[in-house]
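Start from the sequences, fold in the hints, and give me the full structure.
2 protein chains.
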Amino acid sequence: MQFNVTIDIMPLKALLDPQGKAVTSSMKNINIDNIENVRIGKHITMTVEAKDENEARLSVEKACKELLYNPIMESFEINVLK
Amino acid sequence: MQFNVTIDIMPLKALLDPQGKAVTSSMKNINIDNIENVRIGKHITMTVEAKDENEARLSVEKACKELLYNPIMESFEINVLK
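One line per chain: the protein sequences are A and B, in this order.
Quick note on this note's numbering: the first sequence kicks off at 5 and runs consecutively.
Quick note on this note's numbering: the second sequence kicks off at 5 and runs consecutively.
What the hints contain is simulated information worked out from the structure, not anything from laboratory work.
The hints are all genuine.
Note: identical chains are not told apart, hence a pair may lie in one copy or across any two.
DSS-like, lysine-lysine: derived pairs with alpha carbons at most 27 angstroms apart:
id, residue 1, residue 2
1, 32, 66
2, 25, 55
3, 86, 55
4, 25, 46
5, 32, 69
6, 69, 86
7, 86, 32
8, 66, 17
9, 32, 55
10, 25, 86
11, 66, 25
12, 86, 17
13, 46, 86
14, 46, 17
15, 66, 55
16, 17, 32
17, 32, 46
Since this is a predicted model, take the numbers as computed values, not measurements.
If you want it as structure tokens, here you go:
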């Protein structure tokens, strides 16, 4: 079966996110004053060929740990869609 | 009320995504051969102060159009969480 999988990789809450901070400030300059705490990470989509949802999730977890995310600075969240 | 809002900004389907292509190839090198069509975009989270969900969505849409996304190369999707 083929699964569509998304991964969200975000900077850890405990760390500064300078890109997010810059965007938060820029909001004020374009007169948007009700948006705060902007944080910017990566959204990754892919298709995974697997027997079941669990196998798909395991493959993507392996890819995250060995290739996609930096455990010192980031956390990741996997969503398996049908 | 305060809303948590996420935006996913992805390269348009019709365009090449060189970063995604590079990651797809790298998957083979670490012996993951069931993952294809990797595409990489941005995941942005923020808090929005607004009367209701609709007002929150409108603010974020304005931020996307004036600051965050490039309509020539990207599409965006807004999710308002409670």
